[in-house]
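Protein chains: 2
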Amino acid sequence: MSIKIDFDMLMSTIKKALINAGMDEDKADICARIHAESSADGVESHGANRVPRFVDYIQRGWVNPHGEPVLVKQRGFAQNYDGNLGPGISNAVFCADRAAELAKEHGIGMVTLKNATHWMRGGTYAWKMAEHGKIGMCWIATESCMPMWGSDEPSIGNNPFCVAVPREDGEIVLDMAMSQYAFGKLGVYRLAGKNLPYPGGFDEQGNLTYDPGSIEKTKRILPTGYWKGSSMALILDLLASALANGKTGADLDDEKRGSCTGCSQVFIAIDPYLFGEKEDIQNKWNTRVKRADSAHPIDPDSPVQSPGENTMKRRMESMKNGVKIDEQIWAQIQSIADGNLDVTDIS
Amino acid sequence: MSIKIDFDMLMSTIKKALINAGMDEDKADICARIHAESSADGVESHGANRVPRFVDYIQRGWVNPHGEPVLVKQRGFAQNYDGNLGPGISNAVFCADRAAELAKEHGIGMVTLKNATHWMRGGTYAWKMAEHGKIGMCWIATESCMPMWGSDEPSIGNNPFCVAVPREDGEIVLDMAMSQYAFGKLGVYRLAGKNLPYPGGFDEQGNLTYDPGSIEKTKRILPTGYWKGSSMALILDLLASALANGKTGADLDDEKRGSCTGCSQVFIAIDPYLFGEKEDIQNKWNTRVKRADSAHPIDPDSPVQSPGENTMKRRMESMKNGVKIDEQIWAQIQSIADGNLDVTDIS
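Protein chains in written order, with the working numbering: chain V, 933 to 1279; chain Y, 933 to 1279.
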C-alpha cells in the first residue's frame, strides 16, 4: 500500500540512510535529493524504491560511497572521467553540470564517464543540462537484459537514451529505455494480476504476449520497436564504450555483477541558440509543442501531452500534498536511517 | 516483377534522367550514384523507385535542381546552411562531408541545414561520416504523417534518426524512422495480400492490427515503440528546427507541400578516438559486435546480425549480378532518360 510522505522528511530520511550506509554528507545530500525528486515526479521505480537496493550495492562493493569522477583526459569541448564506481547519481550530476559548462564555453560540451554505476533515472541528467539552458543528451552502455532481434537470449542492454529541450514554458524530456517495458514493470503488472496494455515480449511458444509472467519466464523482453530497439541499443553501447574509453555491455556481462556496475556513460550539452535568437527558438518550440498537444485526442478526457510536460505539475503536487511511497519501502528506508543495515531488496 | 540491371547502366540511366529533368551534371552524378547504391544495398524504396517521384517534385517546384547549400552562420565546430530547396541528396552529401571535416579539426563537427528537401535514405549520410572515420549522426524534422500518442490524427513526422559507427570490419549503421512501418511498406504488404509481421497501427475500432489496409484507412500508423516513438519524433523535431534555425514539422504542415519539402536537418560527426587508441576502440567494437551476433538464434538458419553488417555484402552481390529493380520503375526511368518528362509516380 502507498502512503504520502512530506518531501523534506523523505529527503532527509533518505540522506540519513545513505550516510549510515557509508556515504559522505555532500554526496548523500545530492543523492537523497534526486531520489526524492524522482519519486515526487512519479518515477518511484528509480526514486525512493531504489534506496534499499542502492545500500545493498554499497555493501556488496558494487558502489564505492566515496568514489568521485577523476579527470583522465580532455580535449577542448570534451572531457573523459573515471567514475571509480562512485555513487551513480552524484557522479552523473557532476558530469551533466560539467557538460553544460563546456557548452557555455564551446557551444557544445561532452563529458564521458567510465567505471560508472547506476544513475537511477536517466532523464534527470538530460533535464539538468536543460536547466542550464542547454539541449541535454545522455545515454549509457550497460549489461545485457534483452535479446538482440532474432535471438532468444539476453545479449544487449536496454541502454536508456535521454534528451531534454530547455523550453522555458516547460522542458520537453525524452527518457527512453531500449526495452518496451522494464522487468520491474512486468513484476508490477503480474502482482496486480493484470495484462500489459501492449505486447511486451514473447512467450514460450515464441508468440508476442501481453502476459507479464510468461515474459519473465522466457526473459524475451521486447525491444522498443522490435528490431529497431535492439539495433539502437547496440549502437548506443558502441558509442558510449568508445567515447568513455570504458566498458561495453559485453564486458559487464563477463564481470557478472549487475545493475550497471562499471558501465560507460555519455553526456552531451548543446547551445540551442547557436544559429537562432533565443526568443525565436523559444517561440518556435512553443508553437510546435502546442500543435502536438492540440492534436485530436482519442479520449476527449485525455488530451495529448508532450513528454515531460506534466512532470513539473506532478512535482509541485507532491511538494504540496506529500510524495507517494510504498509503505514497506518507507519502513525500510526509515530502518536504514535508524542504523539497521541488514537490507533486503523488496522493490 | 523485378529484373536485374547492371549497376553502371542503372546509374548512368538515372543520371541521364536527372539531367533531362533539369539538373546540372555534377549534382546529377552524385544523386544518381546514391539512388543506385541504395537500390544495390536492397533499399529500393529510397533508391531507384524514388527517381520518377523526384523528377515530379522538380516539376512541381518542390525541388530546385540548381539549389546548393549557402553558409548562413558558423561558430567553431558548427556551421548552418540554407539548402535553398536544392536536391536532397547532393545537399546532404555536402553536409555530411563538411561535418566530418569539422570533426577532423575540432573533434566534433555539426552541420545544420534549413530549407532542405527529401534526402531519400537517411542512413547514407551517417554512413558517409563513418567512411570518413567518424561516428556519424543525422536526423530531420519533417511534416506530420503519424499520430502523437493518445491522438488519432497525424500530428508529428516520422523523423528518421541515423547513427553510424566506423568499424573497420564493417560499419554498424542504425537507420530508424519513428514510425514502425512506412506507409509505402503498408502498400507493399496490402498489394501482396499479406498481413504485416507485427502490429503496425490501429484499425477503425481503435485496436492494434496486422492488416495494412485498415491502417492505411485510419492513417493511425504505429509509432516505433508506441508512446516512445512519437515522443522521440517530437524531440528530434525540436532539436533539428532549433539547431538548423529552420522549419518545424508543424511549419511544414502549414505549407501543405509534402515529402520533406523545406525540412530541417542535422549532421553531427564525432571523432571516436578522442579518449582511446584507435586499435583498442576497434577491438572493443569487434568484440562487442561479435558477442551480439553470436547470441543464440531463434532460427538456427538465421544468425543474429548487427545493423548494417550485411549491407556491403548485398552491395557487392548487386555489383556482380545486377541491381534488383521493378521493371515498371525501370521503364519509367528509361523513358525519362529518353526525354519523356510526363511522369506518373507508380512507386
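Calculated directly from the structure, the hints in this document are not laboratory data. Be aware that one or more of the hints could be misleading.
Chain copies aren't distinguished; within one or between two, either way the pair holds.
Said to hold, decoys possible - List of simulated lysine-lysine pairs, DSSO-like, C-alpha gap at most 27 Å: (1) Lys1252 to Lys1188; (2) Lys1210 to Lys1126; (3) Lys1252 to Lys1149; (4) Lys1036 to Lys1005; (5) Lys1210 to Lys1005; (6) Lys1188 to Lys948; (7) Lys1252 to Lys1151; (8) Lys1222 to Lys1151; (9) Lys1188 to Lys1126; (10) Lys1222 to Lys1188; (11) Lys1252 to Lys1036; (12) Lys1149 to Lys1036; (13) Lys1256 to Lys1005; (14) Lys1117 to Lys936; (15) Lys1149 to Lys1256; (16) Lys1126 to Lys936; (17) Lys1117 to Lys1036; (18) Lys1256 to Lys1126; (19) Lys948 to Lys1151.
Outcome of the hint check:
Taking identical chains as interchangeable, the C-alpha atoms of Lys1252 and Lys1188 are never at most 27 Å apart, the minima being 43 Å within one chain and 46 Å between chains. For the identical chains of this complex, Lys1210 and Lys1126 are neighbours neither inside a copy (47 Å) nor across copies (50 Å), given an alpha-carbon limit of 27 Å. Taking identical chains as interchangeable, the C-alpha atoms of Lys1252 and Lys1149 are never at most 27 Å apart, the minima being 41 Å within one chain and 47 Å between chains. Taking identical chains as interchangeable, the C-alpha atoms of Lys1036 and Lys1005 lie at most 27 Å apart whether they share a chain (19 Å) or sit on different chains (18 Å).
In this assembly of identical chains, Lys1210 and Lys1005 lie within 27 Å of each other by CA distance solely across copies; the values are 15 Å between and 33 Å within a copy. Within a single copy, Lys1188 and Lys948 get their C-alpha atoms no closer than 30 Å, and across copies no closer than 59 Å, so neither meets the 27 Å cut-off. For a Cα distance limit of 27 Å, the shortest separation of Lys1252 from Lys1151 qualifies neither inside one copy, at 40 Å, nor across copies, at 42 Å. In this assembly of identical chains, Lys1222 and Lys1151 lie within 27 Å of each other by CA distance solely across copies; the values are 21 Å between and 40 Å within a copy.
Taking identical chains as interchangeable, the C-alpha atoms of Lys1188 and Lys1126 are never at most 27 Å apart, the minima being 32 Å within one chain and 44 Å between chains. Taking identical chains as interchangeable, the C-alpha atoms of Lys1222 and Lys1188 lie at most 27 Å apart only when they sit on different chains, with a minimum of 19 Å there against 47 Å within one chain. Taking CA atoms no more than 27 Å apart as the test, Lys1252 paired with Lys1036 passes in neither setting, with 34 Å inside one copy and 52 Å between copies. Proximity of Lys1149 to Lys1036 under the C-alpha cut-off of 27 Å is found in neither arrangement, the shortest distances being 48 Å within a copy and 48 Å between copies.
Taking CA atoms no more than 27 Å apart as the test, Lys1256 paired with Lys1005 passes in neither setting, with 42 Å inside one copy and 49 Å between copies. Taking identical chains as interchangeable, the C-alpha atoms of Lys1117 and Lys936 lie at most 27 Å apart only when both belong to the same chain, with a minimum of 21 Å there against 49 Å between chains. With identical chains, the CA atoms of Lys1149 and Lys1256 are never at most 27 Å apart, being 30 Å at best within one copy and 43 Å at best between copies. In this homomeric assembly, Lys1126 and Lys936 come within 27 Å of each other (Cα to Cα) only inside a single copy, at 25 Å, whereas the closest approach across copies is 52 Å.
Neither within a single protomer nor between protomers do Lys1117 and Lys1036 lie at most 27 Å apart by alpha-carbon distance, with minima of 38 Å and 44 Å respectively. In this assembly of identical chains, the alpha carbons of Lys1256 and Lys1126 lie at most 27 Å apart only when taken from the same copy (21 Å versus 48 Å across copies). Taking the closest pair of Cα atoms, Lys948 and Lys1151 never come within 27 Å of each other, the shortest separation being 37 Å inside a single copy and 54 Å across copies.
This entry does not satisfy hints 1, 2, 3, 6, 7, 9, 11, 12, 13, 15, 17 and 19, going by the numbered hints stated previously.
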